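Colleague: Sequences listed follow chains A and B, in order.
For the record, in the first sequence the residue sitting at position 115 is 115 according to the working numbering, with numbers rising by one throughout.
For the record, in the second sequence the residue sitting at position 129 is 630 according to the working numbering, with numbers rising by one throughout.
Everything labelled a hint here was simulated from the structure, so no lab data went into it.
Hints may contain errors.
Result set (PhoX-like, lysine-lysine): computed pairs, CA atoms no more than 20 Å apart in a straight line [claimed, not checked]:
1) A/K123 x A/K259
2) B/K660 x B/K725
3) B/K897 x B/K832
4) A/K291 x A/K231
5) B/K769 x A/K244
6) B/K844 x A/K494
7) B/K910 x B/K844
8) B/K910 x B/K833
9) B/K768 x B/K832
10) B/K844 x B/K833
11) B/K768 x A/K244
12) B/K504 x A/K401
13) A/K408 x B/K768
14) B/K614 x B/K844
15) B/K724 x A/K291
16) B/K910 x B/K561
17) B/K596 x B/K504
18) A/K291 x B/K504
These figures come from a predicted structure and were not determined experimentally.
What follows is each chain in one-letter form.
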Amino acid sequence: MVIGGGVIGCSIAREVTRYTPDVVILEKEADVADGTSKANNAEVHSGIGEKHGTLKQKLNVRGNRMYEEFVKGLGVDFKRQGLLIVITPRSLPDRVTGRLPALRRQLLKELVPRLILLSGKRKGIPGQRIVGREEIFRMEPNVTREAIVGVHDPTYGLVSPYKLTIALAEHAIINGAKVFLDTEVTGVNVEGGRVKGVVTDRGEISAPIVVNAAGVFADDVADMAGAGGFKIHPRKGATLIFDKETTTEYVRGSVAEAKLFVKKKSKGGGGMPTIEGNLQLGPTAIEVDDKNDTSISAGEIEEIFERFHYLLPDFPRRSVIAAFSGVRAPTTDEDFIIGPSDTAHGFVNVAGMQSPGLASAPAVAQMVLEILQDLGVPSEPRPGFDPVRPTPALFADQDRKGRERLIKEDRRHGHVICRCEQVTEADVVNAIHGIVPATNMDAVKRRTRAGMGRCHGGFCGNRVAAIIARELWMPVTAVTKDGGGSRLFAGETKHFLEEIG
Amino acid sequence: MKKIRRPDVAVIGAGPAGLAAAIAAYRAGMEDVMLIERDMELGGILPQCIHDGFGSIVFKEALTGPQYAQRYIDELGGTDVEAKLNTLVLDISPKRRITAVNAREGIIDIQPKAIVLAMGCRERTRHQILLPGYRPAGVVNAGLAQRYINIEGLMPGRKMVILGSGDIGLIMARRVTLEGAEVAGVFELMDHPGGITRNVVQCLHDFDIPLHLSHTVTFIHGKKRVEGVSVAEVDSEFKPIKDTERFVPCDTLMLSVGLIPENEISKKAGVELDPVTGGPVVDERMGTSVPGMFSAGNVVNVFDLVDYVSRSAEDAGEGAAEYVRKPGRRKKPIRVVPGENVKYVVPQLVRDTGRDMSFYFRVERPQRSVAIQVLAGGEVLTRRKAKMVLPPEMIKADISPGDFGGRGKVGPISVEVVSDEE
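So that you can see chain A by itself, here it is in the shape it has in the complex (with noise of 0.2 Å):
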């Protein structure tokens, strides 16, 4: 059993499904991927920004070499496309030099593109080279004046990582497993020191090995089995996204800005285009007090807009399209925490998880899963493994030819009911009934994109709701924006004029 259904809980149970069908996944929210797997900036990371000899940044290089094989048969789309870092006056903090601008210039240009290199080396990073000036405007001509080399990282990669969420989750119960949304463990059964099972709010579920992988709330979840002894610190990231029209025309690839021998929480972020191609900057860092604080504040806006006005100047601040935040879950020593429990046998905690998370998802998954066959997990790969996940081909991904295939199919693939993101009436069928259901708005957003365009829903939404409803037998006002409370109408309106009197 598997608590918590963002990335690092469906890697976990897709990678058990090799073995054994018997996995079941709980999460608390109305569909997977929809805490901190969601809201975070896609980025397969190479590992360098992660300091030696963590196990982070170990399995964050392994992971990213997994990745291809990974998202095999999923589906999902993984690019490879790059990282390209550049070296700006202030990729040294003042104190280093500040008094000799030639030295410091000297350093800048000679030595910290080498000891990136040599950081790479250390890690384990292949291919990374140095860049000159003229080759970083080559690459990327919005990027400063002011930069002075560049590393590249070609091991750097994109992906959706609610798309990647939804596939793992899919193919994992095409291979046996079984999800539980709108299901929140309240409590874990342990008795004469084994695990037993678990409490959710919607009755007990016994299981001989829980896996921990509750992100943000892990922290909570070890305590209820008494596995615990850390402390999960939310940490809050903001993003803009942009419209992709000005993106494109903006960066080609993702730049971020090297930035030597200062304390960092997180990777410092950059800027980066989003698989589908829209410009994200981001993500900020700042601690909070509530694991659900996914708002974004006034400060957070300015603050990513001074940071990267910098490292991309003049970039189209007019054609912002979305804000989020994410919460990270690292734990105090920032490490991840990969390990069964020695005081209640059978619970294992995958907990502290934050950026790289992502990138480390197959390495931690291959990890979990040998910890698991310790603890009695089969360890012969099973026959009826089914390797591909069927995947519903969207609209707007097809050219012109497979566009006229899909309407000949199913004619309301005809019926463009999205036009920012080009998406139709049978994408959204599909997307309600796929493997892992969309029930809501926010869930057939992530996986056709319906409303995640430039007009956000002004011209889709009331289409959407009123499909949602249509195929699952509810009234339209029942339909949410992200499941529980998050209802989109108060009634019909003569009702309401009745009720009030």
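Take the given structure of chain A and dock chain B to it, following the hints.
Modeller: Below, chain B without anything else, positioned relative to chain A:
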């Protein structure tokens, strides 16, 4: 390969602009006019605008939105214009090749002799104004809320705060009040209302709904559904003043924070846009920078009255018909520039001074006792007085060939609003 359709004129969008443009092109002698609409019915935004006040210029009477639309739909019924509903244009090439799609015919190729772009506008969202806070249900744009209530019969909430005092926001304040919801207040960033005076009086004053000028929403509270908003007064640079921040409980934040001309496919077609209006740079026939491509209504700039939308669209429809008949080289244009206290002028270009034309423009700031002047090469062509001009209200200035006084070569045209106090 399916047959390529080759109509004389294709009009994209069947709102007030598209309807008027299609009818005008047909009346101008075009036999094969195609009207393409993505929605399931004609009329665009009008069917949901059930309040009155439409048609005072075109029909000299006060109609509701559906009534105004119906007049054009009835007129269209008497023509041979082919209306394609539930059909979305995916792409237009600079050579006027349209790719569209619907469920009945699949993907359709259309190569018209002329195109009128009449896609209207869309609402600015909370993200485009970078509104901080959570992302719960209950943050809704006023135009979408209007559709929910008037077309779908759904109430977006019980207690609302409205940000922005544009016309739709004002009209919706009244509308939700009539439907039994409470409006805690309308908050406006500027020191003057965003909508026209008539709406401030009839929609807010008459219903005792408070209007807070120089205020903004500083934070949206509530994780699943809106629980309230923080509001604050703003200083002269529109920055919130911290001490004035207060919490207003509500379950809905309705936004009326501006409209953006819908020009994504115009850009694909290579049409030059004006950064100020957000719409194509047009001449007096609403012709864009791409020959044979015209634009009409809120695609060009966001008008305040539907009557002006219809009028400008008739120019576009006639212009398209004229182009089909005589696609030859166009005359070199004269530039039209905004003068004193004028934010922008549409059209931005004049090619033919030998016909009647209208200039539509907005002022930058409110001003009393003014003269509105159209000049050419520095000389005043027309001058008219006005008691008061306000930024939300569009001003129209008509010019006839006689006003150019037989000048052979006309210098740059400008429109200005100057003080007329004696």
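Colleague: Okay, which hints does this one fail, numbers in order?
Modeller: As far as the earlier hints go, 3, 6, 7, 9, 10, 13, 14, 16, 18 are violated by this structure, in ascending order.
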